[in-house]
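K.L.:
Work out the full structure: start from the sequences and follow the hints.
So the chains spell out like this:
Protein chains: 2
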Amino acid sequence: MNISEAAKLSGLPAKTIRYYESIDLISPPRRAANGYRRYEAGDIASLCFLRQARQFGFNIDQCRLLLDLYKNPQRRSAEVHQLVSDKLEEVDAHIRELADTRELLAKLVGACANDEDADCAIIDRLASPQEQS
Amino acid sequence: MNISEAAKLSGLPAKTIRYYESIDLISPPRRAANGYRRYEAGDIASLCFLRQARQFGFNIDQCRLLLDLYKNPQRRSAEVHQLVSDKLEEVDAHIRELADTRELLAKLVGACANDEDADCAIIDRLASPQEQS
DNA sequence: CCTTGACCTTCCTGTTGCTGTAAGGCTTAG
DNA sequence: CTAAGCCTTACAGCAACAGGAAGGTCAAGG
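Residue numbers (my numbering), protein chains in the order written: chain A, 538 to 670; chain B, 538 to 670.
Do not take every clue at face value.
You can't tell identical chains apart in this list, so a pair holds if it fits in one copy or across any two.
[Unchecked claim] Under the rule of at most 20 Å between Cα atoms (straight-line distance), these lysine to aspartate or glutamate pairs were calculated in the DMTMM-like manner: (1) K608 - D598; (2) K608 - E640; (3) K644 - D623; (4) K644 - D661; (5) K545 - E627; (6) K552 - D580; (7) K644 - E616; (8) K608 - D661; (9) K644 - E627; (10) K545 - E626; (11) K608 - D637.
Don't read these hints as lab results, they were simulated from the structure. Model, not experiment: these values are computed from the prediction.
P.N.:
Structure below.
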């Protein structure tokens, strides 16, 4: 099938599929006589796998590792488990960071008079010299 | 003062200060006879303000708006309040998204045997055709 | 036979917010 | 006189694509 059908079936934009090929995330497919890329069922499976991994928040390098494991029947599930656990910790750290920011923002919102006056606790807070962590 | 001292006082890398100038986030400072940038106390205040706004998660365009309000004695605090409320919602949405991802990852981690076997629930899940949201 | 539209190809640019590096000039101390 | 430690500009690169230009291909319709 051509790239647009592969895109439809995999849920990835054609542009993304070409991009994945360009960075050697997927292997280049065969070409038809006219130069068009031709995808097979196995290619579609890999593309779907990548789409899902990306949706789970894995970056391209992590996808590379996951894809290697996916394609390797000699894998040990412990390796997969390790990768995903690491990602979970990563996401947790990110959430904690955002939650901190959120609390600070909420404080700012609560402190501001929210009126026609120029006086503003938010501006004051942002302008106040703060020690640099 | 020269840029390196402005960097020290503001907590921003000198490179970042030059970058902010290049994108017209801050106005170009006067130059000494030798071409070096010379910063005044007011410049440092703006830089500190920017550093703090960035730490709060505001992007450059939002910082532009905040900085305008900061410098404008005719501002109404309601405008500032609006900007920060919007940001708060933005952060909340981001957190919700990450929390969803986190739960999905936790499920994966829990489902994987985590042993020497090739059989892996994570791989199975990522490989399973999933409807595209 | 010609055209139209929908595909496909490659290549280049832009996005965000910087950071790194190169190549060179200025300043101060030894 | 030279070495260090500043400063300057300008260009490249990161992630993960998206958009668009310029052109080739293919099937259908008049």
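K.L.:
Run every hint past the structure and note whether it holds.
P.N.:
Results for each hint:
| no. | hint | in the structure |
| --- | --- | --- |
| 1 | K608 - D598 | within (15 Å within a copy, 44 Å between copies) |
| 2 | K608 - E640 | neither (43 Å within a copy, 26 Å between copies) |
| 3 | K644 - D623 | between (32 Å within a copy, 14 Å between copies) |
| 4 | K644 - D661 | within (13 Å within a copy, 44 Å between copies) |
| 5 | K545 - E627 | neither (31 Å within a copy, 31 Å between copies) |
| 6 | K552 - D580 | within (15 Å within a copy, 44 Å between copies) |
| 7 | K644 - E616 | between (43 Å within a copy, 17 Å between copies) |
| 8 | K608 - D661 | between (56 Å within a copy, 12 Å between copies) |
| 9 | K644 - E627 | between (26 Å within a copy, 15 Å between copies) |
| 10 | K545 - E626 | neither (33 Å within a copy, 33 Å between copies) |
| 11 | K608 - D637 | neither (40 Å within a copy, 27 Å between copies) |
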